[in-house]
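K.L.:
Now for the letters of each chain:
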Amino acid sequence: MTTTSLTLSRTEPEWRLPGRGRIGMSALIAAEAAIFTIFVVAYLFYIGQSLSGPTPREVLSPPYFYTFCLLSSSLTIHFASRSLRRSNLRSFGAWWLLTITLGAIFLYGTASEWHRLIYTDGLTISTNLFGTTYYSLVGLHGFHVVVGLVCLSTVMVFALFGAVKQGHAERIDVLSLYWHFVDAVWIVVFTVVYVIGR
Amino acid sequence: MSTESIAWPSTTAASPSFVDRLHEWIVTVDHKRLGILYIVYALIFLVIGGVEATVMRIQLIRPHNDFVSPEVFNRMFTMHGTTMIFFVAMPVLFGFANYLIPLMIGARDMAFPRLNAFGFWMTAFGGLLLYFSLVGANGLYGAGNAPDVGWFAYAPLTSQTFSVGHSTDFWTLALLVSGFGSISTAINIVATILCLRCPGMTLAKMPLFAWLNFVMAGLVILAVSPLTAAQIMLLLDRYLGAHFFDTQAGGSAVIWMHFFWIFGHPEVYVLVLPAFAFASEIIPVFSRKAIFGYPVMVGATVAIGFISMSVWAHHMFTVGMGANVNTFFVISTMAIAVPTGIKIFNWLATIWGGKIEFKTPMLFCIAFLFQFLIAGLTGVMMSAAPFDWQLGNSYFVVAHFHYVIVGGILFTLFAAFYYWFPKMSGKMYSEPLGKLHFWLFLIGFHLTFDFMHVPGLLGMPRRIYTYEPGRGWDTWNLIVTIGVFFQAAGILVFLGNLLWSYYRGKAAGSDPWDAWTLEWSTNSPPPAYNFAVIPTVKSRRPLWDLKHPDDPDWKYE
Amino acid sequence: MRPRGSTNWYVPGSQILVWGCAAATAFGDTTPSPTNIFAPVSTPAKSIFGLSLFVLAVTGAIFLVVFTLLLYSVVKFRKRKNDDGREPPQVYGSNQVELAWTVVPVLVVVALFMATARVIADVQKIARPDNAIEVIAIGHQFWWEYRYPATGVVTANELHVPVSDASHPTPTFIKLLSVDTDHSFWIPRLAGKTDLIPNHPNRMWIDPHETGVYLGQCAQYCGTQHAKMLLRVYVQSRADFDRWIQQQRQPAALADAVSPGQRVFETTACLNCHTVAGTVANGRFGPDLTHLMSRDTIAAGAAKNTPENLRQWILNPAAIKPGSLMPAMQLSDQELDALTAYLETLR
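These protein sequence lines map, in sequence, to chains A, B and C.
So the first sequence is numbered by the working numbering: it starts at 362 and just counts up by one.
So the second sequence is numbered by the working numbering: it starts at 16 and just counts up by one.
So the third sequence is numbered by the working numbering: it starts at 1045 and just counts up by one.
No wet-lab data here; the hints were simulated from the structure.
A hint or two may mislead.
[Claimed, not checked] Each computed DSBU-like pair below joins lysine-lysine, with the alpha-carbon atoms no more than 35 Å apart: (1) Lys1219/C x Lys570/B; (2) Lys450/B x Lys1125/C; (3) Lys374/B x Lys1219/C; (4) Lys1120/C x Lys570/B; (5) Lys1120/C x Lys374/B.
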């Protein structure tokens, strides 16, 4: 038997296309952005239209601290991702945990605000148009935070078992994209609810 | 040298049992199988939706008919519209997209095969949920009520006050569930086209089929989401006492219309762009010429995609938005006629100077061209808002949109079936039966939908279970109903042809049409991995280049 | 069956025939439809008619040109029997041609738009003149309530307006409200349709130039009996209209003693929904019955106003209009006869 060596000449230019994870997540973000846009439009449309019940000015106070926590978590997740790319697994785990904690604090803030609104101020989703649009918009965002935290926590569990490695950096980036989106939405929601709407 | 015989166990695999084969189909993530699942699912609902239409047309065959009660009739038009749009048109178009896009771009599968399966099953369950309303809406002991609020379910008719019971909830939930399926598939299409094209296939060398489905997917992402949002709001209104559309609490019925039509108008482009995709692949092959003006066709498609997001309130000209708002939507709607017309001209120019073969796919495409022209022109008529104040909400509108959806989309869909059936099944369909289907359906379509414009012009509104004699509507309604039976006959011939040819058709070979896109380079049906070697392409018609090495496309593009 | 080249004519040929017949009947006078949008008698409908002729002419011209080109191309460029099997010349595009068929449609759109914008302004940007008759139309499931605020008249289902002289117009301006779901007011010969949407008052106007009865019906799906929410507009001479107003302003013409029928009316649930001016009945859910006998139809046009139909309606509304919100009153034959007799006195 004889062997022949086959040489492949690289005359074709390199063919590189974007990663499907990023594109897929970006497309999902576009869809979610469209959903949020409709809720924001409804909120803006109904400002000042309630026939009765508490008004935003009477019961809302901007949650600066919790907002700071949530927006900081974008920074921490960025640091986590950077650590993973440098294969610094300990650092990655720490930043990741901090991200989750900050997200959880934000959720707690929303929950306590809602508790006060419902039990002290008497504002529910059925009270008036303000209640309807407020709870649905903030609630939709909160729901997305919960989903994000579930995903982040799953990764945390994997990380604790040592299963997250440098090679997963791209996937961690895709997940971070979602988390950044959640934070960006909060900027919009905060502006619409606590600045414009009040 | 000596020979030995070795006893070797039989290596032919036992043919899989029925249960095994069923299981394979249920757990499949192969884009080709999912494509076929979508298509078969849609065909089943096409028959159901057609029965609903037939019931309505029998009721309307003469004035003051009592074939069905008003309650049943109102459920019929709601279910017919919802079924045809969400569980026939969208699934069948997603099915073809799923099957063909990876093959046409030289990929082995879609970007996210498991998401693909998820999308199909969500859509499928959505349809089942909608039809479960027949038994489930009032509890199993009740008669069962399908939704009866119309396929666009205007508020406040959908509030708990006016829609007691659960029929509206089945409508809402079914669309919510299948909406997630649609968005998943759209994300998959976008990622596949951007990330999995074979070497050499830049976006400018991609088949028009891929471009059109790409823009369609973008529209789904941007347009189905508003519907999802509106459905959530409706559910909050109905169950948590929210007031989004509660006019008694200061809410607005008009804002539901805005949200719905922000979905609803791009939705019709979601339906028609794949139809354009079929035409753009089939017409060139049967004219034996490349598509005329590929870059302009791409540009026109993208323009249509953008403009379609800005025309929605032409469905609301009579709602009282004010003269200035009305005027804006007139100009945006008229504007979209320009790129759409350009497409018709480009198809015409493709045929011009060609050598037309009148096989069944081409017959359907030629009829599409004539019919879509008319449909577009009646649309232009209604874009003139004052004219729409007369024509809107009448049978003229019903005739117009059926002209687009049946005369435009369904005809190209039939063309697509006949064109790609040999590829998907490995068998050739019966050409005489195909032509019989064409003529039966053509006659039926024109009897029904041409004449349907007239009662609209004579003042007949839509969604009425009966009408008064003496308004001049009677004869037209009779003719319209007669056409239905021709169409039904055509569909039966079509389904029969598919079944018969699947089992008894002649072997089709990999390229029965002498076509030019990558799917025709695979076997019929393609193997699970699509291509043994991922191809490298140099032009928009890779197979033309192979067949005409002295005169390849890349010299001219 | 192999198609011969001539069969390509069938597709477009049948189209021409079909549309020709349709056009002939729609425009022709042989079977005049009372709801034909091309037979306007009032200014808004006439403005729309004028615009529609222009739009039809433009779209018709486009249709003829493109249709002819398509027809020509599928005939001229069909593959012949003696074809040499070679592919035809491959033409990939032409910038000049693309430019041409972009610019021309854009110009057409501009022309159409300008004509349209003008008519929108003519109809919708008009101030209400002082001598206009004002009517408030309120949509209900499944009937129409009309109020004339200037004179206090309240009636149902049959709208009366004075004829308007083109030189000295006396239009009727209608404010459109709804108490429940969406409806739409459509009398094709008088105006385009405008919707009645709760919490969203709308306004429309008509100025009919010829007396007569004009028909229409609700044009926005509003529930089970949307189909029988019919419209009748009576355009009368000014004198007749004033007389009708005067008559409608009177309270019910009652006998001195309370008739048995009146007693039935006032002791059962009737008075919870209906008003009879001058009596204790002042319900607002159903139509005002004070001058019921001045109307030609009952149940929003679903039946003629005869004693038999009236009796049947009260006995079992679902027999005439299933899904109507009027309940079957479960009255005895005696009560029914008395009640019908009483209602017959409400002229």
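K.L.:
If a hint holds in the structure, say so; if it doesn't, say that too.
P.N.:
Here is how each hint holds up against the structure:
Straight-line distance between C-alpha atoms of Lys1219/C and Lys570/B comes to about 68 Å, which puts the hinted pair past the 35 Å bound. Distance hint between Lys450/B and Lys1125/C is fulfilled; the C-alpha atoms sit about 19 Å from each other, no more than 35 Å. Simply put, Lys374/B and Lys1219/C have alpha-carbon atoms about 58 Å apart, too far for the 35 Å limit, and the pair is violated. Of the pairs offered as hints, the one joining Lys1120/C and Lys570/B holds, with about 29 Å between alpha carbons and a cut-off of 35 Å not exceeded.
A hinted pair counts as satisfied when its Cα atoms are at most 35 Å apart, and Lys1120/C with Lys374/B qualifies at roughly 17 Å.
In this structure, the hints that do not hold are numbers 1 and 3, in rising order.
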